[in-house]
Amino acid sequence: MTILQRNNISIDGSGERTIVFAHGFGCDQNMWRFVEPSFRGQFRTVLFDHVGAGRSDHSAYNPRKYATLGGYAADVVEIGRELGLKDAVFVGHSVSAMIGALAQIEAPELFSDLVMVGPSPRYIDDADYTGGFSEAQIEELLASLADNHMGWSAAMAPAIMGNLEKPELSEELTNSFCRTDPEIAKQFARATFTSDNRADLRNVTARTLILQCRDDIIAAEEVGEYVHREVAGSQIVYLDASGHCPNLSAPQEVINAMDAFV
Amino acid sequence: MSDQLVPEDLEDLYENAPCGYLSLSPKGRIVKFNGTFCRWTGLRPEDLLEKRLRDLLNVSGAIFYETHFAPLLRMQGFFDEVALDIIKADGELLPVLANAAEKRTEAGDVLFTRVTVFRAHERRRYERELVNAQETERAARLQLEKANAALQADAELREQFIAVLGHDLRNPLAAVDAGLGQLLKRGFSERTPTILQLMQRSVSRMSGLIENILDLARTQHGDGMVLHIEHGRPLEPTLTQVIDEQQAAWPEREFSVDIRIDHNPPVDHVRLAQLVSNLLGNAVTHGAQDLPIRIQAAGNQEILEVSVSNGGKPIPAEMIGELFKPFRRGSVKSNAKGLGLGLYIANQIAEAHCGRIDVMSDATETRFTFSMSTIDRSSNNTRDYDD
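Residue numbers (this note's numbering), protein chains in the order written: chain A, 1 to 262; chain B, 1 to 387.
Think of the hints as simulated: they come from the structure by calculation, not from any bench. For each residue, glycine too, the CB sits at the ideal point set by N, CA and C. Heads up, none of these hints are tricks.
According to the in silico footprint, chain B covers these stretches of chain A (three or more CB under 8 Å from chain B):
1) 19–32
2) 130–140
Computed Cβ-Cβ distance ranges for the label pairs, DEER-style:
3) Gly41(A) x Pro26(B): 26 to 36 Å
4) Asp362(B) x Asp126(A): 51 to 61 Å
5) Ala140(B) x Thr68(A): 30 to 40 Å
6) Asp362(B) x Lys65(A): 43 to 53 Å
7) Tyr129(A) x Asp90(B): 30 to 40 Å
8) Asp196(A) x Arg128(B): 28 to 38 Å
9) Asn16(B) x Pro63(A): 47 to 57 Å
10) Tyr129(A) x Tyr126(B): 36 to 46 Å
11) Pro26(B) x Glu221(A): 19 to 29 Å
12) Glu139(A) x Ala163(B): 51 to 61 Å
13) Glu82(A) x Ala140(B): 43 to 53 Å
14) Glu46(B) x Glu221(A): 19 to 29 Å
15) Ala140(B) x Arg214(A): 45 to 55 Å
A short, non-exhaustive set of chain B residues, derived as facing chain A with CB atoms under 7 Å:
16) Ala62
17) Glu66
18) His68
Make the full structure from the sequences, and use the hints.
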């Protein structure tokens, strides 16, 4: 099992530089299907699934390694080295924004540019810091995943197995999209929502662009602004899109902001 | 009665359908809803208009919705049978199953999203029961496995125990038998006192073994060790008696005794005698034959210390931690040296007195020291009885 198979890597486009797109908690690389094609003309584009998500090799899932975001960041570094990246662009959605930051700190030669879409270095409020959630709320989320995973998966299965009403989506896509092993989902949720990577932000050396949505309950504006303050020289762009997934709900806005940056 | 067809009232069908309806704007705001939804949730039109679907969910539901179902909806244009918990006006949760479908223009732009919700109390309860049953079953299985392993370990221990016990009782019994044989054959002679002494030694060894076995049975059955604490009874005679017994049993061994007890703590005298006896037995068995066994006892208002030391080979460092486990001897050896219970019982007695036994072993000597606090917390009228 190679790294490329482990992370279900797809490579497209052509160009001197490479853009790596990373999906967040929930779903898989198809999160980027409305954005990534626009960059194929000028860039080599790389999509991948985190281990445990999408069509990655689930047998490679190691609960200890992936108990923290560091395990996912180590995979990103491995992917970057495998592909011989140098001064590439890393685009991370949601928790992958921080995973990308950790990977960039570990191997600065791989990524010169970082695009963080809806980043949060810590989801739980702390003293002077507003993450958006209380510890009790995050515990409730983790408990609901633990207690009710059958409810989730029972609810998920018919949706992703349902008849195609959107012909441009291939069957394999609808079958895998958003499907997560409940056990892995639970642990990924724990790794994500209990993380605290605030101290790492100062060590990011890449040119950094933060894309901030309106009305994002998962990564609110003040969280994005915190990241903006902590990452030296970073830019922040407020999207008109609302919710947590502008790459799906407002792909053109994301494309425009990224275009202007890279 | 004839089956007369009355035209269906579509407006009423929407408003009072046996399911809840919500319509969302392209930006995901609630723009229309039916009466059934309001009745089920107790939410008023002003609670719903311009809200997002996720605003009606609890935090964990909202996170899951945003990270899983909202993307699914955008990607597929629909989702079916998604389990959600809607917060009702009274704060209670309404478990529902929701279907959603986007209505798009020919160009693919979303016009609105239609959401249909069905109450799912029973189904959710059933699912929870299934999950609970699964968890209960798993917990029960784990417990069973654990109990099984414990039983197996117990059975092995017992088997080993019986083998060792048989072995250890056979030697002194053989000695008694031989002694009786001689006495019967020769009648009274000048050797008789020596033979009787040897027989007594064997008998006392056997009775010590039986004593320890009974204690083991008690402590292993979780009853713990019951103490009969006596306040103010002088400790020195108790210690002297134990030492004299051992000296009588092993006349060729040298016992050097140093007892300085200024204060008599509340202890169980029978148990303490057993503790010291076990330590002495251990020293006799494992110590060098030609070196003295030293007993030191010191007691004051704060602490009582009784140590037993012997010369000879030091105890290997890796064995020290194993000393107080029952049956540490591991397997039946030809040179029986006891069940390996003596130190275990001694330690149990020490712990029952809130005390401890420390071990020090080097080339010069091996010393076991029993220590306990003598500050009497249980009584206030007996501490100075001995003065």
